[in-house]
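We have chain A already, so just place chain B on it with the hints.
Listed below are the residues making up each chain.
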Amino acid sequence: MLYHVSRSGQTYGPYTLEDLQRYVASGNILPTDLARSESMSEWLPVSQILSGGAVPPFAPPAGYAAPPAYGVPAGAWPNPPNLHWGLLLLIGFFTCGLFFVIWDIVQAVWMRKINPQSKALFYYIAEIATSFVGNFTRTGILISSGGLHRGYGPNYGLGFGLSGLVIGLAALVLVILARFDMKNHIEEHYNTAEPIGLQLGPIMTFFFGSIYFQYHFTRINEMKRMAAYGVPPVR
Amino acid sequence: MVSPAAIALCQRRIAANATVGCVLIALCVLAFLPPDRFAIYPSCPVRDYLGLLCPGCGATHALSTLLRGHILEALHQNALFVLLLPFALFYAARTYLRAIRHGDFYWPRIPSSALAAMLLATAAFTVVRNLPH
Numbered sequence: 001m002l003y004h005v006s007r008s009g010q011t012y013g014p015y016t017l018e019d020l021q022r023y024v025a026s027g028n029i030l031p032t033d034l035a036r037s038e039s040m041s042e043w044l045p046v047s048q049i050l051s052g053g054a055v056p057p058f059a060p061p062a063g064y065a066a067p068p069a070y071g072v073p074a075g076a077w078p079n080p081p082n083l084h085w086g087l088l089l090l091i092g093f094f095t096c097g098l099f100f101v102i103w104d105i106v107q108a109v110w111m112r113k114i115n116p117q118s119k120a121l122f123y124y125i126a127e128i129a130t131s132f133v134g135n136f137t138r139t140g141i142l143i144s145s146g147g148l149h150r151g152y153g154p155n156y157g158l159g160f161g162l163s164g165l166v167i168g169l170a171a172l173v174l175v176i177l178a179r180f181d182m183k184n185h186i187e188e189h190y191n192t193a194e195p196i197g198l199q200l201g202p203i204m205t206f207f208f209g210s211i212y213f214q215y216h217f218t219r220i221n222e223m224k225r226m227a228a229y230g231v232p233p234v235r
Numbered sequence: 001m002v003s004p005a006a007i008a009l010c011q012r013r014i015a016a017n018a019t020v021g022c023v024l025i026a027l028c029v030l031a032f033l034p035p036d037r038f039a040i041y042p043s044c045p046v047r048d049y050l051g052l053l054c055p056g057c058g059a060t061h062a063l064s065t066l067l068r069g070h071i072l073e074a075l076h077q078n079a080l081f082v083l084l085l086p087f088a089l090f091y092a093a094r095t096y097l098r099a100i101r102h103g104d105f106y107w108p109r110i111p112s113s114a115l116a117a118m119l120l121a122t123a124a125f126t127v128v129r130n131l132p133h
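For the protein sequence lines, the chains are A and B, in the order given.
Numbered by the numbering used here, the letters in the first sequence go through residues 1 to 235 in order.
Numbered by the numbering used here, the letters in the second sequence go through residues 1 to 133 in order.
Treat the hints loosely; a few may be bogus.
Said to hold, decoys possible - Listed next, the stretches of chain B that the computed footprint assigns to chain A, with coverage defined by at least 3 CB atoms under 8 Å from CB atoms of chain A:
(1) 40-50
(2) 101-110
(3) 116-124
Said to hold, decoys possible - A short list of chain A residues far from chain B (calculated; beta carbon distances all over 12 Å):
(4) Trp43
(5) Asn82
(6) Asn115
(7) Lys119
(8) Glu187
(9) Pro202
(10) Ile203
For the record, the hints were derived by calculation from the structure and aren't laboratory data.
Glycine included, each C-beta is placed from N, C-alpha and C at the ideal position.
Isolated chain A (complex conformation):
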């Protein structure tokens, strides 16, 4: 069912119920805004519609089965980031891994839109901060030892080695937590809201993280694009 939203005399939409939920969650639509579907005679607050007060009860027909893959209305959920995984790999190589870090954030931001419960973004930001502190410490030690300019041969010492190890391990733990949080939420989404039976391997998740996710996102986007043109997905 599609809804129109009204605010200050202007009408927007139509939106699906899922769209309304997402836009309310993101603050783009207020719970106090008015909304109405074609079957409703009067405008009601969005909050009342979302609470189920205005939605006609859904009576599943006999023999109702789970909806087919990509049976959800187009635009109900934002598509995953659509950069080809091969390109991600190439750009990541040539930026010494910096682009992988950026793409981790892009994927985590998308995950938050799909499922606000996801903590991957928090873990990735904490990991970046930890790595930054590690580099900052290293640079500070270099400056204090007069080794900022190359050729001075700074001696980092045992203290630097240990602190570097601890900071490195902390960053690694945060990355692993983020990757498995992403894995769990991606699997949850693509087996409930958009059921395509996606299963992600823990070993691939551990070692390849964003590249592995992007490989599946590339595939999912391609399937969605084909479905939009009426081509049945290849299984």
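Then chain B, alone, in the frame of chain A:
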């Protein structure tokens, strides 16, 4: 009320322009603090831990050298990076233009064959640069 599509476009334009700004700042840093004289840049973990040259090793030096106009020296530091740079710039420009325009954003598509060729070239380059001289 501003429509959600307009908000999304606004957010995308901010992100695109912020990215361009960050890239320009990074280029300025590279130009004024070249990595061959200042040890402020993170080192490559592949080279640190495995002792091998990854395909990106030398790219920061090559970019810094290019900014000073020494193309031959940059080719010596990382030839593949220098050769792919024009394509990368073209792709980045197309991506930026799409990001600031109306409509749904999607990354420009590259033919699978071209992508496979680039990945193969990168793999070959990595093998060759690690061969014992």
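Hint check results:
1. 40-50: Three-residue rule met by the segment 40-50 of chain B, so holds; n is 4.
2. 101-110: holds (count 4)
3. 116-124: It holds, with 4 qualifying residues against the three required.
4. Trp43: 14 Å, holds
5. Asn82: 5 Å, violated
6. Asn115: 19 Å, holds
7. Lys119: 22 Å, holds
8. Glu187: Per Cβ check, A/Glu187 is outside 12 Å of chain B; nearest 24 Å; holds.
9. Pro202: A/Pro202 clear of chain B: closest Cβ-Cβ about 23 Å, beyond 12 Å.
10. Ile203: 20 Å, holds
This entry does not satisfy hint 5, going by the numbered hints stated previously; all others are met.
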